[in-house]
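Enquirer: Chain by chain, the residues run as shown.
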Amino acid sequence: MLNFDSLKDDLSPQLSRLSYPMYTLGLTAARTLGPVTPTAYFDDSQNPTFGIEIEAEGIDEGKEWEGIKGIWSQKEDGSLRNHGREFVTMPLQFQHLPLAFDILRKYAPEAQFSHRCSTHVHVDVRHLTRSQIVTLIVLYALTEPLLFAFAGRARQRSNFCVGLEYTNDLNAMLSTAIAGKYAHEDLHKYAALNIIPTYLSSGENPLYGTFEFRHMYGTLHHASLMDWCGIINRLRHAAVEIDLPWVINKTRFLNIDSSYLHLIEKVFQEYTGVFWNYVKINNLPRLLERHVSRVKQSILHHDFSRKMLESAPTPGSQYLKGLKRLYPNVFKRIASSKKGTMEQGEQFFPTVGMVTVAHEQIFNDMLQNQALQVHSQFILSDSTFSEPEEFADGEDL
Amino acid sequence: MKFNPFNPDEEHKDLKKKWAGTMVRVRLTPDGPLEPVMIRDFHENNTCVKCIHPSQGTIILRAAVYDWDVDLPDRGWFNTTGGAFFCAHKSWRQWQRGVCDATITLSRPTATWRGALSNALLLTRPSTSNFEHMDDAWKGQYPSFLESVDRLRQYRRCEVALSRDVALTLSPVSDINNLVIWYDMTPVGWFDDKAKLIRVDNMTFHQELYDFVHRTDAPCSILIP
Numbered sequence: 000m001l002n003f004d005s006l007k008d009d010l011s012p013q014l015s016r017l018s019y020p021m022y023t024l025g026l027t028a029a030r031t032l033g034p035v036t037p038t039a040y041f042d043d044s045q046n047p048t049f050g051i052e053i054e055a056e057g058i059d060e061g062k063e064w065e066g067i068k069g070i071w072s073q074k075e076d077g078s079l080r081n082h083g084r085e086f087v088t089m090p091l092q093f094q095h096l097p098l099a100f101d102i103l104r105k106y107a108p109e110a111q112f113s114h115r116c117s118t119h120v121h122v123d124v125r126h127l128t129r130s131q132i133v134t135l136i137v138l139y140a141l142t143e144p145l146l147f148a149f150a151g152r153a154r155q156r157s158n159f160c161v162g163l164e165y166t167n168d169l170n171a172m173l174s175t176a177i178a179g180k181y182a183h184e185d186l187h188k189y190a191a192l193n194i195i196p197t198y199l200s201s202g203e204n205p206l207y208g209t210f211e212f213r214h215m216y217g218t219l220h221h222a223s224l225m226d227w228c229g230i231i232n233r234l235r236h237a238a239v240e241i242d243l244p245w246v247i248n249k250t251r252f253l254n255i256d257s258s259y260l261h262l263i264e265k266v267f268q269e270y271t272g273v274f275w276n277y278v279k280i281n282n283l284p285r286l287l288e289r290h291v292s293r294v295k296q297s298i299l300h301h302d303f304s305r306k307m308l309e310s311a312p313t314p315g316s317q318y319l320k321g322l323k324r325l326y327p328n329v330f331k332r333i334a335s336s337k338k339g340t341m342e343q344g345e346q347f348f349p350t351v352g353m354v355t356v357a358h359e360q361i362f363n364d365m366l367q368n369q370a371l372q373v374h375s376q377f378i379l380s381d382s383t384f385s386e387p388e389e390f391a392d393g394e395d396l
Numbered sequence: 000m001k002f003n004p005f006n007p008d009e010e011h012k013d014l015k016k017k018w019a020g021t022m023v024r025v026r027l028t029p030d031g032p033l034e035p036v037m038i039r040d041f042h043e044n045n046t047c048v049k050c051i052h053p054s055q056g057t058i059i060l061r062a063a064v065y066d067w068d069v070d071l072p073d074r075g076w077f078n079t080t081g082g083a084f085f086c087a088h089k090s091w092r093q094w095q096r097g098v099c100d101a102t103i104t105l106s107r108p109t110a111t112w113r114g115a116l117s118n119a120l121l122l123t124r125p126s127t128s129n130f131e132h133m134d135d136a137w138k139g140q141y142p143s144f145l146e147s148v149d150r151l152r153q154y155r156r157c158e159v160a161l162s163r164d165v166a167l168t169l170s171p172v173s174d175i176n177n178l179v180i181w182y183d184m185t186p187v188g189w190f191d192d193k194a195k196l197i198r199v200d201n202m203t204f205h206q207e208l209y210d211f212v213h214r215t216d217a218p219c220s221i222l223i224p
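As you go down the protein sequences, you meet chains A and B in turn.
Residue 55 in numbering that gives the first Met the number 0 is what sits at position 56 of the first sequence, and the numbering runs on without skipping anything.
Residue 16 in numbering that gives the first Met the number 0 is what sits at position 17 of the second sequence, and the numbering runs on without skipping anything.
It is worth saying that the hints were derived from the structure and are not from the lab.
Computed from a prediction, not measured in an experiment: that's the story for all the values here.
Don't take each hint at face value.
What the hints assert, rightly or not - A partial selection of chain A residues facing chain B, derived with a Cβ cut-off under 10 Å: (1) ILE58; (2) ARG156; (3) ASN158; (4) VAL161; (5) LYS188; (6) MET225; (7) GLY229; (8) LYS295.
As the list claims (entries may be wrong) - Below, computed lysine-lysine pairings styled on BS3-like, alpha-carbon distance capped at 27 Å: (9) A:LYS188 <-> B:LYS17; (10) B:LYS17 <-> B:LYS49; (11) B:LYS138 <-> A:LYS188; (12) A:LYS74 <-> A:LYS62; (13) A:LYS74 <-> B:LYS17; (14) B:LYS15 <-> B:LYS49; (15) B:LYS15 <-> A:LYS188; (16) A:LYS74 <-> A:LYS105; (17) A:LYS68 <-> A:LYS105; (18) B:LYS16 <-> A:LYS74; (19) B:LYS138 <-> B:LYS193; (20) A:LYS74 <-> B:LYS12; (21) B:LYS17 <-> B:LYS138; (22) A:LYS279 <-> A:LYS265; (23) A:LYS62 <-> A:LYS105; (24) B:LYS16 <-> B:LYS49; (25) A:LYS249 <-> A:LYS279; (26) A:LYS74 <-> A:LYS188; (27) B:LYS49 <-> B:LYS138; (28) A:LYS265 <-> A:LYS249; (29) A:LYS188 <-> B:LYS16.
Quick reminder that beta carbons are idealized off the backbone N, C-alpha and C, glycines included.
Okay, chain A solo, but in the shape it has when bound (with noise of 0.2 Å):
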């Protein structure tokens, strides 16, 4: 039995970074609660819930399971050596990582971790919308070589962790993304983005609506797992915060201006230096050049754009709410031009194709209001303008 009282000493300045009294939770959690259903606890879609999976090799047969009970549940898997164990947390938020990482470092110290295991880590999307899932599977396409530069080579070339520089399954994602729906076979539960467990149950596997992160090889240091989880935070609050159409017009001119460093620093924001210790900023170019090509031809040739436009409600949704809200008058001059071609009883929905017919009206908007200030400011400058002194006294020019 793990002796809680001892970790209080060593975890109290973590304690008083936590907003949820964690500790609290944890010793009722592994005395008293057993498996809980936390989420009732944890539901904020703006800081969503992680599970860490931890696969380790050499953990002392006859342990008693009690002390992490509650946080941690552990069980055996068939793929691991030498008494391996795989210890799964229930659903924390991310502040309330180190603590649960400590608490399984201190609780088995004696963890080997071989090339046979791995960290899993899923990240709950169920407050996305299907236009934030696409910019996340877009995104994270975009960026995989530097996920795999964190993890390592060999995580690369893994049979359990297969990234999409090597497959055709970026298509088979955004297809079932888009249709909310698994409805592809060709995804597969060992691709290093799994987005399985959001689309499909088995037996053994409920529907968890998370996305599994599988690059990262098996490890408890703190410092590792914790830059891990917080470039998955980033990725996951990366595809709320930046619209899709804008990650569609940045990937179509990346190979162009070449601004990777930018797309980059927007997306992972201060976990970009992270990177640095793993790549060299000089080789972004070659390393994520023909991952964009690739991200282009699944999302600009494949019948994804066609797929996307028709969909309802259309992932652009979002964004044409934000130009409703912004130009409300425009978007009532398309509505009145609308309504003269729709048939009786048909109810105006504005669709992604309005998006250009909109932009559009709002550029000329733009340059009539630009127009009208320039002439204002001339009519202004005109009315206040003052001769020049010397000529003040109506000398003849």
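With chain A held as given, fit chain B onto it using these hints.
Expert: Showing chain B alone in chain A's frame:
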């Protein structure tokens, strides 16, 4: 990636299930090159492996001695003696460990054009993809641009891989004499060999074609509509 077939936890049947019928690369001599072999069977005590070598026929390997490499070839185009293929991995790799149908997809876009191309081709070509020439995929040898055009114009090939990403094929349309240029698995333009001009048809990939021409010093210009 290396594996140890003498892992005591893996049974003979398990080894056979994972490896039989797949292609791996083996160093036949300590300092020799890696050569592809097809694994057929494991001896019951797991000391020997029965393999088929492309030139030497059936050979018996002492599994413990040799250096095994199960790395799959990279994704992309590669040339073989029968034509050019596009290789991609499948993420289904639970049981089959080497190169086989379960782990690799070989595709050939001109396979569906064969009826249209048959009038132009003087020689018959293998129409089905197989793993006989997988060694070429690891070597990754690509002819020069002009040499590729010559091969196509003499109807010695339906398609030629110019690099991992770019390939050149005959046209499926009889009234267009230009060659089709592909980026990855997408046709992106036409090559007019009389004018030495690549006419870009898919603007999404014009930068990739610029980069290809620049890096390979291909003697042609690019025309964007």
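Enquirer: Indicate, hint by hint, whether the structure satisfies it.
Expert: Evaluated hints:
Annotation: ILE58 of chain A was flagged as interfacial toward chain B, and the flag is violated, the nearest CB pair being 16 Å apart, outside 10 Å. About 6 Å separates the beta-carbon of ARG156 of chain A from the nearest beta-carbon of chain B, less than 10 Å, and the hint is met. The beta carbon of ASN158 of chain A comes within 4 Å of a beta carbon in chain B, closer than 10 Å, and the hint placing it at the interface holds. Restraint check, VAL161 of chain A versus chain B: the minimum CB separation of about 4 Å is within 10 Å; hint holds.
Because the closest C-beta pair between LYS188 of chain A and chain B is about 8 Å apart, less than 10 Å, the hint holds. Taking 10 Å as the C-beta cut-off, the interface hint given for MET225 of chain A is violated, the closest approach to chain B being about 28 Å. Below 10 Å, beta-carbon pairs count as interface contacts, and GLY229 of chain A has none with chain B, the closest being about 26 Å; its hint is therefore violated. Taking 10 Å as the C-beta contact cut-off toward chain B, the hint placing LYS295 of chain A at the interface holds, the least distance being around 5 Å.
With a C-alpha separation of about 18 Å, the suggested pairing of LYS188 of chain A with LYS17 of chain B holds against the 27 Å cut-off. Our distance criterion of 27 Å between C-alpha atoms is met by LYS17 of chain B and LYS49 of chain B, whose separation comes to about 14 Å. Distance hint between LYS138 of chain B and LYS188 of chain A is unfulfilled; the C-alpha atoms sit about 30 Å from each other, more than 27 Å. A C-alpha spacing of about 13 Å is found between LYS74 of chain A and LYS62 of chain A, which places the hinted pair at or below 27 Å, so the restraint holds.
For the hint linking LYS74 of chain A to LYS17 of chain B, the alpha-carbon distance of about 25 Å falls within 27 Å, and the restraint holds. With a C-alpha separation of about 11 Å, the suggested pair LYS15 of chain B and LYS49 of chain B falls inside the 27 Å cut-off, and the hint holds. Taking the CA atoms of LYS15 of chain B and LYS188 of chain A, the gap is near 24 Å; set against the 27 Å cutoff, the hint holds. Of the supplied pair hints, the one linking LYS74 of chain A and LYS105 of chain A holds, its CA atoms being roughly 18 Å apart against a limit of 27 Å.
Taking the CA atoms of LYS68 of chain A and LYS105 of chain A, the gap is near 14 Å; set against the 27 Å cutoff, the hint holds. Taking the CA atoms of LYS16 of chain B and LYS74 of chain A, the gap is near 26 Å; set against the 27 Å cutoff, the hint holds. For the hint linking LYS138 of chain B to LYS193 of chain B, the alpha-carbon distance of about 32 Å lies beyond 27 Å, and the restraint is violated. Under the criterion of a C-alpha separation no larger than 27 Å, the hint pairing LYS74 of chain A with LYS12 of chain B is consistent with the structure, at around 26 Å.
Of the pairs offered as hints, the one joining LYS17 of chain B and LYS138 of chain B holds, with about 25 Å between alpha carbons and a cut-off of 27 Å not exceeded. The suggested pairing of LYS279 of chain A with LYS265 of chain A holds, with an alpha-carbon distance near 18 Å, which does not exceed 27 Å. At roughly 13 Å between alpha-carbon atoms, LYS62 of chain A and LYS105 of chain A fall within 27 Å of each other, so this suggested pair holds. Between LYS16 of chain B and LYS49 of chain B the CA atoms are separated by roughly 14 Å; this keeps the pair inside 27 Å, and the hint holds.
The hinted pair formed by LYS249 of chain A and LYS279 of chain A meets the criterion: a straight-line CA distance of about 22 Å does not exceed 27 Å. At most 27 Å may separate the alpha-carbon atoms for a hinted pair to count; LYS74 of chain A and LYS188 of chain A meet this at roughly 19 Å. A threshold of 27 Å between alpha carbons decides the hint, and for LYS49 of chain B with LYS138 of chain B the separation of about 25 Å falls inside it, so the pair holds. Proposed proximity of LYS265 of chain A and LYS249 of chain A is supported: the alpha carbons are some 12 Å apart, at most 27 Å.
A C-alpha spacing of about 20 Å is found between LYS188 of chain A and LYS16 of chain B, which places the hinted pair at or below 27 Å, so the restraint holds.
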